[in-house]
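**Student:** So the chains spell out like this:
Number of protein chains: 2
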Amino acid sequence: MLVAIKRKRLLEVTVVCIALSIMKDDWQFALRSSVEQVEEGDVLAPKFDEHGLMPCITRHAATGEILMFAFMNEEALRLSIDTQQAHYWSRSRQKLWKKGETSGMRQNIQRILIDDDQDCLVLEVELTSPDAGGEEASCHVGYRSCFYREIVDGQEGPALRFIESEKSFDPEAVYGDTPNPTQL
Amino acid sequence: MLVAIKRKRLLEVTVVCIALSIMKDDWQFALRSSVEQVEEGDVLAPKFDEHGLMPCITRHAATGEILMFAFMNEEALRLSIDTQQAHYWSRSRQKLWKKGETSGMRQNIQRILIDDDQDCLVLEVELTSPDAGGEEASCHVGYRSCFYREIVDGQEGPALRFIESEKSFDPEAVYGDTPNPTQL
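Those protein sequences? They're chains F and U, same order as listed.
Here our numbering is used: the first residue of the first sequence is 465, the next is one more, and so on.
Here our numbering is used: the first residue of the second sequence is 465, the next is one more, and so on.
Chain F on its own, in the form it takes in the complex (with noise of 0.2 Å):
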């Protein structure tokens, strides 16, 4: 008899504990009801544009580099808010992306910011070093920051010059057939 109430007492507390884990992740964005609330305001009410994505500026935590420039869809920001784990949306493979999945690079979130009319976020992280070694890196090419050129002067125009000196991991070791995802 003892055992059996205490059976349906574990039952009925697990069923609460799922339910507010249910609530807590339920929240809803806020609807766009003015500029004032938009600009000025303290609710959460993004804008994704018409192909439902929102841009996303991603720097270093401790550093400030920015690191690199991607994509969020309403899933993407919803789960980096819910589990401080960066996620975007890869426009090359049209799908959802947790930074690091393939590559072991993570982004730990320890802040997001977002811009006077909600349709832009920065996020600020700390990063992972690839599974396959190396340092703790962003882009794909290999370099720390995707943001590793700078543009100058030259002969006949602008040209392009490197102010990455070397490689933060071999890609190759990294990322083996899985195709690139720069277009041109």
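It cannot be assumed that every hint is accurate.
Since copy identity is lost for identical chains, a pair holds within one copy or between any two.
With a straight-line Cα cutoff of 30 Å, these simulated BS3-like cross-link-like pairs (lysine-lysine) come out [stated by the list, open to error]: (1) K472 x K511; (2) K511 x K562; (3) K511 x K559; (4) K511 x K470; (5) K562 x K631; (6) K472 x K559.
Hints in this document: simulated from the structure, not taken from any laboratory.
Given chain F, work out where chain U should sit, using these hints.
**Tutor:** Below, chain U alone, put in the same frame as chain F:
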């Protein structure tokens, strides 16, 4: 006779100067020929999206703060490179936008970075203060940066918290009756 020769010489020198000036500004963006050229080369071969636009992240050259996010078309990028003054494409007004032309809050470019696949830019800029008075800033709402709020845990899901405590200038004094670019 001597005056006529001097005039002719002056005309020749003027023509040569104008020709050289046109040649210098008459550079072309390179065609994109291979992934290796785009990712590992020193040739500027930018990719604009289906609307002819490229995303651009602007940060303060001295402090590293991310100030704003906007888009450039080919003309805006060309003008930004040639004049070292930030130019963008205004999507809300559908016109070329020289930053600061209304407000006086210009952006003097110190460096331009481009990413691995050459479809995103970082501008590092110094700011000027509004003509109507106030501190140097970048955001039309009056804050120094457009990213003046962070996403935090709220009672019923994510909410926003201001990380800038006061405005750098009075937007009404600076912009007057200019339509607000924020769209719902």
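**Student:** Each of the hints needs a verdict: does it hold here or not?
**Tutor:** Taking the hints in turn, this is what the structure says about them:
Neither within a single protomer nor between protomers do K472 and K511 lie at most 30 Å apart by alpha-carbon distance, with minima of 46 Å and 62 Å respectively. When the C-alpha separation of K511 and K562 is checked against a cutoff of 30 Å, the pair qualifies both within a copy, at 21 Å, and between copies, at 25 Å. Taking identical chains as interchangeable, the C-alpha atoms of K511 and K559 lie at most 30 Å apart whether they share a chain (20 Å) or sit on different chains (22 Å). For a Cα distance limit of 30 Å, the shortest separation of K511 from K470 qualifies neither inside one copy, at 49 Å, nor across copies, at 65 Å.
With identical chains, the CA atoms of K562 and K631 are at most 30 Å apart within one copy only, with a shortest distance of 23 Å there and 36 Å across copies. When the C-alpha separation of K472 and K559 is checked against a cutoff of 30 Å, the pair qualifies neither within a copy, at 42 Å, nor between copies, at 67 Å.
In this structure, the hints that do not hold are numbers 1, 4, 6, in rising order.
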